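Number of protein chains: 2
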Amino acid sequence: MSKQAFQDYYPEELSHCYGCGSNNADGHQLKSYWLDEKQGETIARFTPKAYHTAIPGFVYGGLIASLIDCHGTGSAAAAAYQAQGRVIGSAPALRFVTGALNVNFLAPTPMGVELILRGKITEVKERKVIVEITLSADDVVCVSGSVIAVKMPATMG
Amino acid sequence: MSKQAFQDYYPEELSHCYGCGSNNADGHQLKSYWLDEKQGETIARFTPKAYHTAIPGFVYGGLIASLIDCHGTGSAAAAAYQAQGRVIGSAPALRFVTGALNVNFLAPTPMGVELILRGKITEVKERKVIVEITLSADDVVCVSGSVIAVKMPATMG
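If you read the protein sequences in the order shown, they are chains W and U.
Residues in the first sequence are numbered from 2 upward in steps of one, following the working numbering.
Residues in the second sequence are numbered from 2 upward in steps of one, following the working numbering.
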C-alpha cells in the first residue's frame, strides 16, 4: 500500500471536495490507495462519527453513498493515470466526477467500527471509468455499489 | 403543502438520522412534504452550506445522494400510511430504510441556490416503496435518482 493517497495528488484547486478534499476542514477527507495495482484493486478506510447515525446503532446511508462516491472517483483518477502509463498526479491533472452512483444496502452497517471500502476497476476509457465497490464492517459486506466516473468537464475546472 | 414534514411524524427514537432526524443537531434536518398527495408527489428544499463543495462552485455529489436518500425514505413512509388509509404518524410507526439508491448526475449542481427535490411515488407494496426523485437548481434538473425503500427490519428498531 503506497503511503500517499490518490486524493493527495489532486491539484490544490481541485482539493476542496467535502468527501475527500484535503483542503476541506469540515469534510470527511477520505483517503484511497492501491490495494493491488496490477489487479486494479483499491482500498479506503473510514470510521464514522457518532452523529453519522441513521437508526441508532447503524451508519447513515447517505454517508455510505458519499464514501462510495469519493472512493470511486479517486480510484478512477488513479486508474486513468495507470492506463496512460503516467505517474499519478503528473500534469495535466486527470480528475473525475461522478456520472452515476448506484448503492445497494445489503445489511445494516453497524456504528463503532472502521469501515473498509474495496474498489475494483472494471472499465477504463479515456473519459469514463467504472469502479465496483464494496463496504464492509467487521469483515461483513454490508453494502455494494458502483460508480461511473466521468472525466471532469472543462466547465467545472 | 402541509405544515408538518413527514419526518416530524417519526417516533422520537427513530429521529436521529443524520440526513433528516429532528434529534440530530449536527445533521441536515431535511423536511419533506406532499406537493400533491393525490398524484403521489412530494417536495423538499435544501440550501447547501459553503463547505458542501465538490469542485469549487458546485455541490458535493455525496450530499445530493444523501438528500435523495432521505427524501425517498420520508416519501415512502408517507405513501405507506396513505396506502393503508392511515393518518401519518399514527402507531404502529411505518418507517422505511433504503434498500437501493440510484443517482444520475446530469449536470453540475451550482452552489449558492436553494435546491428543490421532487419525488414521485411509483410503486407501493407493504414492505417496499419506490420513489423517483429529481433535484433542480434554478429550475434546471441537475440530478435524477430513485430510492427503493424497504420497511425497516425489526432488527434495527
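It is worth saying that the hints were derived from the structure and are not from the lab.
It cannot be assumed that every hint is accurate.
A pair counts as met if it fits within one copy or between any two copies, since identical chains are not told apart.
Here are the simulated SDA-like pairs of lysine to any residue, each with C-alpha atoms no more than 25 Å apart in a straight line [stated by the list, open to error]:
#1 Lys-4 / Asn-103
#2 Lys-152 / Ser-23
#3 Lys-50 / Lys-126
#4 Lys-129 / Ser-147
#5 Lys-4 / Cys-143
#6 Lys-126 / Asn-24
#7 Lys-129 / Thr-48
Computed from a prediction, not measured in an experiment: that's the story for all the values here.
Now the hints, each set against the structure:
1. Lys-4 / Asn-103: neither (29 Å within a copy, 33 Å between copies)
2. Lys-152 / Ser-23: For Lys-152 and Ser-23, only the intra-copy Cα distance (20 Å) is at most 25 Å; the inter-copy one is 38 Å.
3. Lys-50 / Lys-126: neither (36 Å within a copy, 34 Å between copies)
4. Lys-129 / Ser-147: Result: close both inside a copy and across copies, 13 Å intra and 22 Å inter.
5. Lys-4 / Cys-143: neither (27 Å within a copy, 36 Å between copies)
6. Lys-126 / Asn-24: Neither way: Lys-126 and Asn-24 sit 29 Å apart in one copy and 45 Å across, limit 25 Å.
7. Lys-129 / Thr-48: For Lys-129 and Thr-48, the Cα distance exceeds 25 Å both inside one copy (29 Å) and across copies (30 Å).
Hints 1, 3, 5, 6 and 7 from the earlier list are contradicted by this structure; the remaining hints agree with it.
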